[in-house]
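Colleague: Please arrange chain Z with the ligands on chain X, whose structure you already have, making use of the hints.
As they're listed, the protein sequences go chains X and Z. Quick note, the first sequence lines up with residues 358 to 625 if you use our numbering. Quick note, the second sequence lines up with residues 54 to 359 if you use our numbering.
The set of hints was computed from the structure by calculation and includes no laboratory data. All C-beta atoms in this analysis are idealised placements derived from N, C-alpha and C, irrespective of residue type, glycine included. Treat the hints with care, since some could be wrong.
Stated by the list, open to error - Straight-line distance between alpha carbons at most 20 Å, and here's what the computed SDA-like set of lysine to any residue pairs gives:
1) X:Lys564 to X:Pro532
2) X:Lys475 to Z:Ala161
3) X:Lys488 to Z:Glu212
Stated by the list, open to error - Going by beta-carbon spacing under 10 Å, a handful of chain X positions derived as facing chain Z:
4) Gly420
5) Pro440
6) Phe452
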Amino acid sequence: MLVERKSEPLLEFRQIDKTFHSGTVSELKLFDHFDLSVPQGRFVCIIGSNGSGKTTLLNLLCGGETPDAGNIFLGGREITREPEHVRSRRIGRVFQDPSLGTCPQLTILENLSLADRKGKRYGLSRGVSRKKIDEYRSRLELLKLGLEDQLDLPVANLSGGQRQALALLICTMTPIDLLILDEHTAALDPSSSENVMELTRRFVREKRLTALMVTHNLRFALAYGDRLVMMHRGKAVLDVCDGEKNALKIHDLTERFNEISVEDGNDV
Amino acid sequence: MALDVFLGLLTGVLQEGFVYGIMALGIYVTYQVLNFPDLSVEGTFPLGSCVAGVMIASGLNPWLACMAAFACGAAAGGVTGLLHVKLHITDLLSGILVMTALWSVNLAVTSGSAVTPFYNQPTIYTSGPAALISDSHNSLRALVVAFISCLFVKLLLDEYLKTKSGLLLRAAGNNPRYVVSLGKDPGNMKILGLMLGNGLAALSGCILCQREESADIYSGTGMIVLGLAAVIVGVNIFSGIRFLRSTTAVILGAVLYRGVLVAALQMGLPTNYMKLLMAVLLTVVLVAYKTVPTGRRKKHVSRTEV
Ligand SMILES: Nc1ncnc2c1ncn2[C@@H]1O[C@H](COP(=O)(O)OP(=O)(O)O)[C@@H](O)[C@H]1O
Ligand SMILES: [Mg+2]
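So here's chain Z without its partners, still in its complex pose:
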């Protein structure tokens, strides 16, 4: 019996970890690659949920909803970038402005309701290829869908970071002067990276809410903390392992972080203290890894890694 419970919890942790992992990959792009502390994620994550919720509730295809969520997140990230690059507002403030504005935007999307349920509508967990697995293996099916989605996003991101545009994006985060000397505007690369990062955050929100079959406007709270913890834990803890790419490490970081939270809840921590615990955990992570010199930090992606 105990094993059953444990396996159930493990499936849940992995499933959610992989979904949050997609958002963590977005934060990896903005925070780690671009060196941009982007707070707009707290607004773009629920934006993805709300857009998907409204679309699926009105009977639209859930995969289409995923693409729309990504596009909306990217547009919002683009606004953050424009505020910072064109209007010279600081990175933190640009994020705060967009996050605040998105609160109203999200409410407008859902026509004013905080929760948009879409029970029994087809979602990516129940329709399409997922229908190959029977309803009786419900949670396993969810895990498979989450895993494949996350893997797909990771592989695409890995490929992108190896293209010319991807290399230039990495250069823009590492040495903007170098990008200038190549005849390109590093500001444009920042905007592009913020679009990508927030697109992924919205996609993550969209995939998460489809599992719950309802979109929650409050779901964004704590996403920065979760994403940052995943990135920092991933890049630092797992960077010791050879042949492991940073993107993989970030996803493992998200799973691990999720696991610790669920473990704490299982050990009797009241749900109300969840965000407090999230913040405490990130604080511990920040303090623990502050001493790692940047020179020892993992380089981004190399050919020989997973």
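Isolated chain X (complex conformation):
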């Protein structure tokens, strides 16, 4: 695959500090001069034990949290203090909770129509344009879940796997700079997980997206993406890409995890 590697990374965390409960006994200095940069077109898998800072990292990026110090750049523009909804215009995100990525009460068609306007004005014109239905149908066919025949069904009636697939479709429908997947298969049964992961791979490839995927599934972390980052206590303790990543085995990762757990004083 031809990916243009610009000298400037698409995404950059620069010298990020983040402390929770600062000034109290439970003070937790999670990130201390944290750096991470992701070039255009990379598909990065992020793994790490609970509490290692994966979710906080995504929250800093999407605007749910603000760093105490440091800067975040996306596409050459600083976004450190941009409001969450403004950043969202350039970012697509699929959450762990399948009910968050779509609007349950609205129908599939209404959800798609809303998503189609992302970043534009939501005025008094018809919410659902009939002219676009064929286009939406053919997009839904890509999911191979039969959703194209259920356009008028409220999304609340769909299964978790169907919703995640739809959420994935929705957030890649309009042009985005970055796709964020926050344990988006964790709430699904094994076969839906596989299906959603395959779709993820396809969308990322076809739309040449830059993606950041947090996962607890080590197999997925090895099988997908072209870079792997392991987090521990707010640091990237392992960061490999391409050939080096392909050479990794599950066994290597579990061993790293065990070393970390021992450092933390946990029983393995």
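Modeller: Chain Z with the ligands in isolation, oriented as in the chain X frame:
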């Protein structure tokens, strides 16, 4: 004779039910669509009355008064929204603050009088298209005016909820995170919805007081209870009927609630106990429908419904 009395009562119930139905539609927008328990309605309903009363008393066009009432209600609802969204005051408190402040505002509007009469001035019940029906059919005429006003508001609201802005409003109530991911601020949609809901409440107050030809600053008491009962009864009882939109169900809920109150008064309940009965009825409704799981609740508006 008994039939005459019954028909008279029925006309009255329907007429008032439709007028209160407009306010119930406002509460439907804030409570059901936006998921926002908005108490400012108790202040915006009489605000609509007072604005209309003062305008009509000074000889202004009653239709203009309706528009002004809507605008004033919307402005007050906007304040509730700003308090909640920008100053992060809880939804209930924001409503209470605005409701309390409106008491003084309403008095300022009426220059300090609790009741503003405007007898024999043209109202929407007597002038314009309503004049086509003769004075001898007074109460029927009032019913027709109330029905058409309510229907007009309902159809407009249905249409609005189908626009892009309307869909986004529904999404803001259902899943604010989704609105954020679409690049919009759900807070702004909340403010918009509160403006719409309180605009409708004020419009309802304005239309109600024109029937009585006097605006009463106390008329807001109990409006939340009435509106909530209409919404909950409407959405739950009538949701079993296919092809019936939630907005229609809410109006039927308002009529039904009004009917039960009038029936109780007819059966000898002293007027002083009216608000008590209103509260008891809502309590019954709340308890009766608490068990309905949200998944079974009626979805909002779909194309095939009335
Ligand atoms: N909003 C918050 N307030 C206080 N502590 C937090 C907050 N968010 C995260 N933390 C703490 O930061 C650490 C990292 O959390 P998180 O980023 O959720 O880890 P992960 O997603 O890798 O499991 C945890 O110890 C957690 O308790
Ligand atoms: Mg997490």
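Colleague: Determine for every hint whether it applies to the structure shown.
Modeller: Evaluation of the provided hints:
no. : hint                 : result
1   : X:Lys564 to X:Pro532 : holds, 9 Å
2   : X:Lys475 to Z:Ala161 : violated, 44 Å
3   : X:Lys488 to Z:Glu212 : holds, 19 Å
4   : Gly420               : holds, 9 Å
5   : Pro440               : holds, 7 Å
6   : Phe452               : holds, 8 Å
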